[in-house]
Each structure stands twice: as C-alpha cells, then as structure tokens.
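Undergrad: The listed protein sequences derive, respectively, from chains Y and P. Heads up: the first sequence at position 143 corresponds to 143 in full-length UniProt numbering, and the numbers run straight through without jumps. Heads up: the second sequence at position 458 corresponds to 458 in full-length UniProt numbering, and the numbers run straight through without jumps.
The set of hints was computed from the structure by calculation and includes no laboratory data. Treat the hints with care, since some could be wrong.
For chains that are exact copies, the list does not tell them apart, and a pair is met inside one copy or across any two.
Below 27 Å or equal to it, Euclidean Cα-Cα: the simulated DSS-like pairs (lysine-lysine) are [unchecked claim]:
1. 45 <-> 577
2. 201 <-> 330
3. 496 <-> 45
4. 432 <-> 80
5. 121 <-> 80
2 protein chains.
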Amino acid sequence: MIKRFIYGNPFNTEAVIKELPIENDTPKYGKLDLSEGFTYTYDMKDDIVFGLGENIRGINKRGYRYVSNCTDDAVHTEDKVSLYGAHNFIIILGEKTFGLFFDTPQKIAFDIGYTRQNELKVTMPEKDVNLYYIEGNSLNDIVKEFRQLIGRSYIPPYWAFGYQQSRWGYRNEEDVRKVLDEYRKNEIPLDAIYLDIDYMKDYKDFTVDTDKFPDFEKLVSDMKKEGIRLVPIIDAGVKIEDGYNVYEEGVAKNYFCKREDGTDFVAGVWPGRTHFPDFLNEDAREWFGEQYKFLLDKGIEGFWNDMNEPAIFYSDEGLSEAFSKIEEYKEDKLDVNSYFEFQNLVKGLLNNPDDYKRFYHNVDGEMICHDKLHNLYGYNMTRAAGEAFERLVPEKRILMFSRSSYIGMHRYGGIWTGDNNSWWSHLLLNIKMMPSLNMCGFLYSGADIGGFGCNTTRDLVLRWLAFGIFTPLMRNHSCSIRPQECYQFEQTVDFKNIIDLRYRLIPYIYSEYMKAVLNDEMYFRPLAFDYPSDSFAIHVEDQLMVGEGMMVTPVYEQNAIGRYVYLPEDMLKVKVKGGKLTEEILQKGHHHIDISLDEVVFFIKKNHLIPICEPALNTEKLDTNNLTLIGYVDDSVSYKLYHDDGMSKDYDRKDNMINIQVENDTVISDCDNINFNLKIKREI
Amino acid sequence: MIKRFIYGNPFNTEAVIKELPIENDTPKYGKLDLSEGFTYTYDMKDDIVFGLGENIRGINKRGYRYVSNCTDDAVHTEDKVSLYGAHNFIIILGEKTFGLFFDTPQKIAFDIGYTRQNELKVTMPEKDVNLYYIEGNSLNDIVKEFRQLIGRSYIPPYWAFGYQQSRWGYRNEEDVRKVLDEYRKNEIPLDAIYLDIDYMKDYKDFTVDTDKFPDFEKLVSDMKKEGIRLVPIIDAGVKIEDGYNVYEEGVAKNYFCKREDGTDFVAGVWPGRTHFPDFLNEDAREWFGEQYKFLLDKGIEGFWNDMNEPAIFYSDEGLSEAFSKIEEYKEDKLDVNSYFEFQNLVKGLLNNPDDYKRFYHNVDGEMICHDKLHNLYGYNMTRAAGEAFERLVPEKRILMFSRSSYIGMHRYGGIWTGDNNSWWSHLLLNIKMMPSLNMCGFLYSGADIGGFGCNTTRDLVLRWLAFGIFTPLMRNHSCSIRPQECYQFEQTVDFKNIIDLRYRLIPYIYSEYMKAVLNDEMYFRPLAFDYPSDSFAIHVEDQLMVGEGMMVTPVYEQNAIGRYVYLPEDMLKVKVKGGKLTEEILQKGHHHIDISLDEVVFFIKKNHLIPICEPALNTEKLDTNNLTLIGYVDDSVSYKLYHDDGMSKDYDRKDNMINIQVENDTVISDCDNINFNLKIKREI
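So that you can see chain Y by itself, here it is in the shape it has in the complex (with noise of 0.2 Å):
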C-alpha cells in the first residue's frame, strides 16, 4: 500500500511512473514540521533503516547522517556524506516496517541516529517534495511496491553479464587489441573491452581519434568477431571548439547551460573549457541522445555516461576569482590562515558548489537554476541516450550505464559505484552497496574490481574478483600506476578459474537478474529481507543473497584464511578450486569456512536450484544448453530458468521463462533443447 503526500510544490522528477492520488492527512508514523523548510523526525527504538542506494557506510544506514547531493568524489572515505547519486528510498525495519521515499532533487539530509541515538531525521531546505509511504506484508514486499511505482529496471544485452576489462590509459588500437591477445593467451574469458577518455580526439564527445584509431570501424568489427565488443565513454562536457559540429550545434540551438545572463556557461573538465548541454531541456536531450548514432553506427552497442554529478574542474569566474585573490596572498606575507585559506580556494576550485548556482537549465520555457535540480542532470544525460536507443535501435538492448543517477535513471541504465580506490575497505563498500542500489531500481552494477584508483595488489584483485563474479556489471576498471589487467599477475590460472566460474553461473545469474527486474525484485539482497525473524541475520552486513537461491559470504580482509559465515538455516557450502565444485551440507549456525585466495565459496538455500554451465572463453561461446543443476534438496523442487537471445527486448514472452522440475533424480522441463544434469545433495 502506497500513499502520496504532497508539500509545496515539487519539481516532477520523473522518478515515478504512477500517478497516485494525493492524500490530505500526513504519512502514518513519524512528524513532520514544516515551518521552516521540510523536516520528517520518526523516534527509531531498535530500528534497522535500509536503503539510500548509492553511499557509505553500512547496508543498516543507522549511526551516521548522509546528504543527497550527487559529488565527483573517489575518495570514499567514512567521513563522507554524499557520493555519485542521489537515492532517496529508505526502509525502517522495527516495531513498525515502512518505507519513505521522498521524491525531490533537494539536496536532502538523512541523519539517522547520528545527532541524537533514537532520532531519524529528514530535512531539507524547501518544504516541496513528493513522499510516498510504503506499507507491506515484508520488506521485499515493501521494495516490491516501490519498484513497481518507479517502473521496470534497465535491462541490458546478454553479453554484458560476461567479465569485462577497462582501463583510463589504452592509448590506442595496438594497446586494446593486446588486451584482447593477453586475455586469450592467459584463456581467461572475457566479453568487453572499455574505452575511456583516450579514444576521443581532445576529448571531445561523439569523436574518435584517427591517430589512434585509423579505423575504428574494422577494429569494433574484428573484436565483435571475437566475442569481444567495445565500450566508449561519453562526458558531460562539450569542448568549445569551433567547427566541432556538437558545440556548434548546441550553442546555435540554445542547448546548453545558460549564465543568468543568457550566454552559455562554461565549466573546465577534461576537454578543458566546455559547455554542459541542458538534459533538462526536453529538446536537448533528444539532440544529444540522437549524437550517440555516431558510434552505434561503427558498431558500437555499448556506452558508459561519466562526469555527469556534473564534475567540474573549474569554472571561468572560480578561476578568475582565485587568480585575483591569490594576487593579494602574495602581496601579503601569508600568515598561517591565509596560507590555508590559500590552499582551501585552489582546492575549492573542484566541484564548487558556487558553480553550480551559476547556470540555468530551461524547462519547458522556465529557466531553474541547476542548483535546485543538481540530483538530477547526470539522470537525465543518461535518459537522454535510453530515449534515442529506443528511437535509433529499438529492436535491441544496448548496455548502458552511468556515474550519476537519480531514481527514475534506473529506467534507461545500470550505474557503476564511481572512481573508487584499491582498498580492502572499498570491496566492502561495494558489498554493502550493492543491495541498497537494488532496492533503488539499479539492478545492473558493479563497483571498478580491483579498484581504479591507487594501486593494486594481486590478492585484493583476486578477492574482489571472487565477489565480482555475483555482480551483473563485472569489470576490471582502473587508472593505477600498477596494471591491473588480470595477466599482470602471477599464476593467472587463478584468474582464469575464478572469471570462468562466473561464466558457468551465467544461467543463474542472468536467470535470477531478468527475473529480478521482471517481478520488480531484488537480485542482491541482505540477510534480513529473506530472514526477517532471525535476530542474527538482520544484522549482518557481509553476507548477502543472490537471486532467489544463494548466499555469497566474500573474503574481504587481507591475509585472511577464511573467514566467518551465519547459516540462517541448513544450506549447502559449494566450494570452487581450480575449476572443481566441492559440495557439503552445513547446518544453520556460525561456522568458520577456510577460503584460500584461489577458492570461492557459495551457499545454496535448502530446496532451491542452481544451474550452471560448462564455462567458455565469452558469454556468446557459452554452451546454456547442457546445463547442470546443484543443489540442497528434500525431493522435489522447481526452477524458473530465462532463456532467450540476449539481445530483443520482448522480455515478457512467455517461452523465455522454462519451468524446470525435479522430482527425485528426474528433471522434467517445458523446454526440450536443454540437457539437465543433476548434482544434488540430500542428506545432512
């Protein structure tokens, strides 16, 4: 049951899909104030919160307080308030169980038991926002309802379940098609190759650099051969350049961010000064999404949107007002404050918020400050390529996923968790992350395994990997001195063994990630939603459930030999080495699991399937038609396998989704060209 509340007069995000009446009264628990601004307070006793999607911390928010204000920040520290996105769902978990979501490009305060231990406290600076109170049966009953308010989640091509390697420093043809010939010699499968900012001639969008790339066209084709498909990367910022058709394009069209004064505002980002288009204007999105043709004609099937919080470096009146105040610390002997207020304006020169007060978005002929609607320009720069892919190839998926988001973004793409770092504490921010995001819409993610910036180290990579495998983004993305492609190492068969037992658990993975998305549900779920009543496992935050059958428990400590695992229940331990799956029942409980660098451990829930293939070198190679189900199981048992082309979007056909059944040692399936083996345990 969802109610809808309105205050003010809110910007309509888009965010959701339905139009709900308006309720008269205010939401069930909690209080709101009103006079000054917009503040919700709800008195938690032993409340776990939930949600927030993209952020720090725990996947229980409580004990700390974080701002919705979507920041180009990689440094991911505990400190930190605001990362990439801006995800305005939370769900108490207590005496009473609801979920809020407060619909607002606002820059919102969470603080929830931070300032005072019991109080969850929402403010923001405008009373005008759209709640919505969730009411349910369950927490994934509540998540459930959300999702089908915000609509159904980016669905992305097949072959974007495969591994997939990046880098920012693949200078040119000769240096992806190594990565290409490495991987192949090492055998470690792999699906897609990634282009970042170096593909671009001066980094300008919708170009490719012949010195580079003297034909980009035949190298797309001869990696498609391969299996392999190339990803380039798409900013927000347009160079001013004159002659490059986008820029003058936008400018003579009116597309881009306007100063107060009606010329078009300038930010400083990669290509150095630029122009932002306007994703807000209905127009402009339409203009920029129909520029991604360039590339979809070479072939391309694949983007990343970055830079889109938008980042900014500097901008023209930042910069002039630093270089004149630095005049005048030089004048002067500096003194110990100026000196760091000299050090706090270069440094304030990145992403400053006064920037973002300086240029106007035009929406439907109004001219809104891009301060207000900041949440949601990396969301709409995202809508803008979904929307033309729709228009431009709307008989096939193209993989599509951003840095910035707002929900509603979840529509058009997946996100990756930002620039993060190669540190242990950052494979667990992405654990933790990952069912947050799902209860958001962002199914399709993952976080840079192995870290992108800060260099790496063998282990951590391994260990990243080892939960990278259960992520339906898996990609290796980095920017570190130290090379982190997977043949950089030592002993790469470890490498090897770990990215093909993802390719066996595709079935599994893409089975339980269509359904996810289809039955609006959660791919990644924490201990809590599937096992409310157990006092335990509400609180764990290191393990999590994948799909409706498996637990993942992922090493994320350095040097460590293992480590502990909570059975909710009896479940079956699969361990993987060297290729080889080890099953044993364990009974619900703690138990300590040895976990060496070149093992992964998984667990499969009683009475439930996992079916695997035999691995192959990319996702199209894939055998899914000789699968082998594991599995812990009293005597029968059912599974919903998906099964289509990867690529058309007609997800509802009936005849994708194959009802398997075992009964005893006998598999009986609505689909005959599929071969089942059966590897079950059934004895404690």
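With chain Y's structure known, arrange chain P on it following the hints.
TA: Chain P alone, transformed into the frame defined by chain Y:
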C-alpha cells in the same frame, strides 16, 4: 642470538645501546645486493611478517609496501606507505623464523609480497646501514633480544595510566575548567587535560598566552589539587619574532637548521614563519631541552611533542617558486593538464620533499642535509626533552610522548599514533598497530580515541573507549566540529561505566606495563606470539593478548551486536556491563559473542590472574590496597603485582614486585598492606 653486519658507512642513529662485534659474512637467510644502493631479498613461503611499528594495514604486513619516511599525513588510508614514524624492525615467521633491524635513517622501502607475492624485498638508496639479524627460540624471544639491544622503554608516571581528555580547541582557562566540571558532574574519572597549541602566545613554544590563561600556575595547581594534570603541547618550529627569547637565543647560538648558504632555514608552520632547532646537534638538543624548564617550573609534569617529522606547511623558497609559477598559469589559458599541475603545485607545498633538501644539520661539526637524517628528527626532539628531564627533575617521571619517532626514541618517550580520523577503520588500525609498536619498543602508546579529524559518533567513541581502556595511553583527542568529550553525548553513564573499568583494571595494566618494560617484553602481543603452533591463531588480526593473562576482542564495526572470537584454549570470558562483571568459562574454538554498546568483554587465560580494584575519580584516589583477583584456575596460580609510588625511578627495587600465590582458596603474598579478595572459576 644477534649478529651485526655493517654495510657502507652508516650514520650512528644511537638506536642501539649495545656495541656488538661486526660479522664478516652476511645474514644467514636472504640475499644481499649492494651493486646499487642496498637490496635485501628473501623468498617467502607461507611466512607471516610482523613489525614496522607505526604503519598501516595488518599485524601481518604481507601483501603491501611500506616506506620508512616520517610523514605528517592524517589520512591513513590503505594506499599510504608512510606514517609519522620510521620503525625498521621486522620478524619473519615461517620455515625460518628470524628478525631483522635495518638501522639507518634512510628512506627504506619494504616490499613484502607486494610486487611479487612471495618475495620480501628491502631496498634503500645508499648501502649505508647497520643490519642486525636476530634468531631466537620464539617470536617473544626474538623481540626480547631486540629490545635488550635497543634499551629499556620509557616509563611514564602512574597518573598517565588514567583517562585523559584533549581537544584542539580549548581556548582558555574557562574551557579547561569546564572540562573537569563536566567530567565531575557526570562522575567520569579523569587524570589529565591537554593543552593544544592555543595555550601558547602566538604559537610560540615555551610561552603561555596570559590573556587566555591569566594565572597559569594557579590553574595548574588548582587542577593538581583535583588530581588533574595539564599536559601542554610543544611544537618543533620556533617562531621568528624579535624579542622572543627562544628564537633570539637559537639564532645567536647557531642552534637552528641552516640553509646551504649558512642562513637559518625558514619553514611555515602553525606560528607562521619559524626556524627548526637542530636536534641532531648535541648542544642544540641540550639547549632546547632546557626550555621545558619554563613549564616544569609552573608545575607541569607532562608534555607532548608535535609537528616533529618535521611537518612543513611551506618554505619561503617553495612559496616563492609556486607564486611565480602561478603567474605563468594565469597568463596562459589553463588547459586540463596545466590546471592539475596548478592544483598539485599548491597542494604539493605541504610537506614538500624538496623542502627537506633545503636545510642542514650540524652533526659534530659536519653539515648533513636534513633529507639524509629526516627520520631522526622527531626522535631527537623527544630525546632533547628526555635528557633534559633527567637533568632538571632527576627524581621524577615526566609524561612525554611524541608524534614522530625512530627506534631509540622509545627510551625517552612514548608516541601517540598521530592525527587519525573518526573512522571505524582507524579504530581497527589502532588495534592492529599496538603490538607492532610494542615490538619496536614503543609501549606507552595509544590512538586519539574517538578520532582526531572528522565528526565522530556516540557509538564509535564508546567502542573505541572499550578498546582504549587497554592501551597504556588512553586519551580522547579531537579537532572536529562535533565535540567529543564523553559528557557531550547521550547517556553518559555508558561512558562512565567503560572508563570506570579502565580504573578498575589499572592494577593489572600498570603491573603488566611495568613488567613488560623491565623484562623487555611486549604488553600487547598478536595471538601468534603466544600460540605459534596454532595454525588459526597465528592469522588472527583483531584480537590481542594484553599482558601475561588477558586477551581482548574489541568490536570495531558500526551497528555490530557482537563479534566472532577465536579462543586458542579454554578461557574465562568476563563481560562487564553497568559496573558488574559476569564470568563464564568458554571452550577453545570459535564463538560469536554478543557485546552491546554499553558492554566490554575480555578473556582471561587459564591459570592466570587479573587483579582489579574499585573505580575512583582519578588514579590518586584508587585504592590499590584492596584488590580482587579474578581468574580461571585449576588449583594453584601466582601473579606478580607491580606496586610503587608511581613517580620515582628506582624501578628495579625488589619490593616493588609483589608475589601473589593462590593455593585453593588462600592468597599468600609478600606484601601485608594489600587485602585480596578471590573471585575464581574452577570448572568448565
């Protein structure tokens, strides 16, 4: 067995107090390459590598690289390679077990399975080093031999084992008195209040700002009547200001570090432009040490030495180079590369390695570039103080700890672990760092409880206190906007109960500290040191042995309801809540222990005793003549209690060490003044 090897012509750091004969061969294990600088390599198998004192990452240092290079950097993220100290002692535990001490002020790089997973590689630019190779019967043996080599660790006064409160932000006498008032009002014990840089007149060492502290002596004396010591900070840099005696004397006597041209080097730090005392010059060291008399004479009995890496915000040269470079940037339009050059230029003014090459020390008449001796600077600042205290107040212990350090300094003072942050990960880092510091001789140590930078949370402070009660230095220190004194949070009784427990444990903590110092042993030990043949225990990173009979298992995760604990043998679990101790015998193996925010849990080894007393408002008021002995005992057990006046220095007096023998239910001791109450469990 220790062997000493000399390569090249190493600088005498005076880290070592024994003159060992020089061996002609090379260390028994590993390979040396002196063809270019110094390289030591050792092929590891499953080895665990301990040591490196104050450093990031685990107790087991394997899997990363570390550089000994004393650095003022508060952001102790996993990618950092240097913190405030340089502690070049490691122990390899494996097929071969041995210790290595690389005694040289150079920037040594320890690559411990980072570049190649099984290679330990120690490199330095010059081959000049005293290398000590240490064998022993056990890890504890190796440490003991090493500690005997480097001399007895510093012993603070007894009151320094009490709880201490600090903040960068106590502005004046009123603020200081308020801290005591609030602690008293909440009945929370306290032994010291710290004075950060604001007590000084314009940040000038050995001055007091009489506007803020009109009668400093009276404040010191009033506080002492209440059992509270005031502990002022001393910074390394001496402000350049005409008429300021320390500056004028230093200049006149040539006691400041010089530029190559013989002029006094200028470094910008808190007081603005300063000179650095030349602590490597014996005369200058003596002179600077004498300055502490100014505060000793006012009744001060403890100090902390800060900014002595030395931190440099900027140098005259660096600033002038930067401003002329900025001039260039201004004239050209910045592109993205030059923009980040500009950003990095300004940021790079802080602790710029080039600045360390701009000044020189006068070592016995020879001018040596600071860059070559950098890691010895903080050490010798604290040595200046320690040597002066011996002359000025020979009969009395003075509290002294430092931020920067090198092995050798442990004889003159403790260290705190520098500017950390209010991050849960820094609580864990604190736990892991303690035994590593102990190996290197630093026993009087602790972290800024609650975190120095960033805003803390109530639960973090409580969990950090629950570990901090076991660290010899137990100080809450902060610079954050959110106040962090215990009385600033809700339900102060929870804070009181935890700190009360510290005071109850002081008979044990003080005895174990004194015995560890007097016997050259470790107060904090990894489990590996006590259970080297337990293949699980040797990998445990988050439990510590404290003194001879205790194991601690701190909770370091937000919202955790408890934690997993490994018992290497049957132990007595002691849970403390609301002042009540509850004991339970637990069996060897894995356990999940519930530990709520207001609880502390510790474990007692079989056949060991922990003496505790009743809590009091400060150490002076502790009644240590009435002790309760808690333990888990088969039949007979003994304990050595250290009991003295806590202030004088005849540490080895025989009657300071009281033998306690428990036979069945009878306590026999060689001290008649102490009454013992027995609280012993016998059966499992």
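Undergrad: One pair to classify: residue 496 and residue 45, alpha carbons no more than 27 Å apart. Within, between, both, or neither?
TA: between (48 Å within a copy, 23 Å between copies)
Undergrad: Measure nothing new, just compare the shortest in-copy and cross-copy C-alpha distances for residue 45 and residue 577 to 27 Å and report within, between, both or neither.
TA: between (44 Å within a copy, 20 Å between copies)
Undergrad: Using 27 Å as the alpha carbon limit, work out where residue 432 and residue 80 are close: within a copy, between copies, both or neither.
TA: both (16 Å within a copy, 24 Å between copies)
Undergrad: At most 27 Å between CA atoms: does that hold for residue 121 and residue 80 within a copy, between copies, both, or neither?
TA: within (18 Å within a copy, 36 Å between copies)
Undergrad: At most 27 Å between CA atoms: does that hold for residue 201 and residue 330 within a copy, between copies, both, or neither?
TA: between (38 Å within a copy, 26 Å between copies)
Comparing the model with each numbered hint stated earlier shows that all of them hold.
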